[in-house]
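S.K.: What follows is each chain in one-letter form.
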Amino acid sequence: MVNSVTNFGRSGLSDWLLQRVTAVVIAAYTLFMVVYLLTADSLTYGQWVSLHQSLWMRLFSLFAVLSVAIHAWIGLWSVLTDYVTVRLLGPKATLLRLLLELGMITVTLAYVIWAIDILWGI
Amino acid sequence: MQKQRPVNLDIGTIKLPVTAYISILHRVSGVILFLVVGFLLWLLDTSLSSPEGFASVQSGFDSPLARFVLWGSLAALAYHSVAGIRHLIMDFGVGESLEGGVLGAKLVAATVVVLVLLAGAWLW
Ligand code: HEM
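As they're listed, the protein sequences go chains A and B. For the first sequence, my numbering gives the first residue as 22, with consecutive numbering after it. For the second sequence, my numbering gives the first residue as 2, with consecutive numbering after it.
Since the hints were made in silico from the structure, they are not lab data. Since the model is a prediction, treat every value here as computed from it, not as a measurement. Cβ coordinates follow ideal geometry from the N, Cα and C atoms, glycine included. Misleading hints may appear alongside valid ones.
Which chain B residues face chain A? A few, computed with CB under 7 Å, are given here [as the list claims (entries may be wrong)]:
{"no.": "1", "residue": "31"}
{"no.": "2", "residue": "52"}
{"no.": "3", "residue": "82"}
Start from the sequences and build out the full structure, keeping to the hints where you can.
M.R.: As structure tokens, this is what we get:
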């Protein structure tokens with residue numbers, strides 16, 4: 022079995038499953054938001070704030086953001102390990118891929134912290 | 002296992018089937034969505050920050066550029082979601098034959114075109 026230090030779940034099978042579970046969560050959240058925005062015509066600031074202040078919505082949003090983080094980490098890791106390789110780019114590829122992976126992970130974590138700050142700062 | 006194995010498949014010389022386009026676009030849309038998430042968080046942050054912020058997000062979409070960026074973002078989300086759902090269906094063993102794959106790919110393309118047009122109609 023091949024182990025890698027920068028993938029999310031430390032095994033291909035767990036990454037595969039997590040990518041699917043998180044996809045379903047993101048899809049559910051997307052569907053909710055689309056239906057909400059389509060049915061709430063002439064939405065006011067007050068309605069918007071009270072929606073996001075409710076505990077269930079905060080948890081739903083948090084759950085969705087964590088799912089995006091896990092999903093994107095696994096997804097972008099797959100993309101980088103496919104293209105930023107020694108075979109395609111030469112010997113410097115490993116270092117470059119590691120830097121890109123760290124950058125991707127940093128942005129992902131920043132998204133999560135930002136989202137928590139938004140949701141609990143209302 | 003040998004590290005530097007030869008690679009025989011040179012996709013630059015092959016005529017790609019519809020399934021290949023549907024597949025690579027799923028990847029491209031996934032990468033784009035990673036940036037879109039930042040845009041959406043920024044919209045959420047601004048719209049919740051104050052009544053003025055909320056109004057500025059609403060009126061921000063009066064500008065054609067902002068509207069176009071949002072439309073593109075929704076298109077990427079629609080594409081990635083529909084093609085992603087096809088992935089999940091295929092994981093259950095449905096539509097894995099050659100004909101099934103081609104049919105599924107065409108269904109994805111048709112559904113996304115409809116969704117993107119609807120999103121455009123909603124925004125304009
Ligand atoms: C904003 C949210 C999302 C982001 C940033 C995102 C990003 C990505 C990325 C970068 C990949 C890797 C693509 C590849 O390896 O070719 C991926 C794969 C995938 N995405 Fe998403 N995605 C998002 C939402 C969704 C949604 C809503 C679904 C709905 C079903 C979904 C379903 C999938 C599936 C099934 C895969 C796995 C494809 C495979 O195993 O080859 N994603 N995503």
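S.K.: Are the hints correct? Go through all of them and say.
M.R.: To see whether the hints hold, each was checked on the structure:
no.	hint	in the structure
1	31	holds, 5 Å
2	52	holds, 5 Å
3	82	holds, 6 Å
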